[in-house]
Amino acid sequence: MRQLNTWLAFGALALCATPMAAAAQEWPDGTIELVIPSRPGGGTDIMGRIVADYLQQALDVPVAVINQPGGGGTVAFEQVRNADPDGQTLLFHHTGLLVNAHTGKYDRSLEDFTTVAIAQSYPPQVFAVGADAPWRTLREFVEDARARPGQLTVGVALGGSSHFIAGELMANEQIELRLVEAAAEVDKVAGVQGGHISIGNLGAGSARQFEQAGQMRGLCMLDPEPDPDYPEYQTCASQGVDITWLAPLVIWGPAGMDPAITERINTAITGMAEDTKVQERLAATDSAFRRYSVAEAEALVAQEDAKIAELAESLQLTK
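Residues -23 to -1, 1 to 296 in mature numbering (1 follows the signal peptide of the UniProt record, and there is no 0) are what the sequence shown spells out, letter by letter.
Hints are computed from structural coordinates only; laboratory data are not their basis.
Honestly, I wouldn't trust all of these hints.
To be verified - So the derived label-pair ranges between C-beta atoms look like this:
1. Gly49 / Glu120: 19 to 25 Å
2. Ala232 / Gly19: 24 to 30 Å
3. Glu3 / Gln189: 50 to 56 Å
4. Asp63 / Gln151: 26 to 32 Å
As the list claims (entries may be wrong) - Straight-line distance between alpha carbons at most 27 Å, and here's what the computed DSSO-like set of lysine-lysine pairs gives:
5. Lys296 / Lys82
6. Lys284 / Lys82
7. Lys296 / Lys284
Each residue gets a CB set at the ideal place from its N, CA and C atoms; glycine is no exception.
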């Protein structure tokens, strides 16, 4: 009888596992939709299309890019959240999803999505000041700000990622900066060059161009590790300033996805590391790709989610 029960149990497990295994083997089942919460031609859209083009070629199925910029990204978030969790509808976005969730711009959370993969990283960011500014390093800027609370300014998109970057700098170094609205990079550049903004963060490529033209000075790079493409910029952390900021571009699916399908998608994405054309296109956008397993991607996103939640609280931006 015991042996019979054992065989029955194995049979039940096999029956339960078969639909999941079959679903994973059948993915992708027709066109994959990659939903991007930005207009065509923007930075996120350009990098998302690199992923879409690669998947279409690697999987030999159509991959349709769906641009949904409405509602500050919430239209795209909801389209994916409400989709069938079959791996056919995916979201491509940066951690702005987490920022929106913790500031009340979006009333859902990370738990409403499945973290599938880290597609690539946003271009490295640099803290920059005016060409004639007195600071040569971020450490010098921080010490000056500590001596003059609230007198130095930082350009940010209020409620956006740059606001959180400034918030982390202020919280970790216990300094007070005055926030100046500068939603786009061009606004920060104009403000810093004109002396209306003391400091701002911008892409390393832009910082280099403006510095070479004698119009700005880069103080340090926000990434946790040095970038060999920008040897002139030390990391902020190496200057003894407690701030780093990652900008991963994440592929999410709806909550409840079959882990086997999630693994298949992740495996497909990691193939970008061996594709020469993909690497060339990423280099052209000043982006990079690093392999992350599903578990590693989940851990990174959870870490960023916790960090953003804490900063939203300290900046009094919580919903």
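Find the hints from earlier in the document that the structure breaks and name them by number, from lowest to highest. 1, 4
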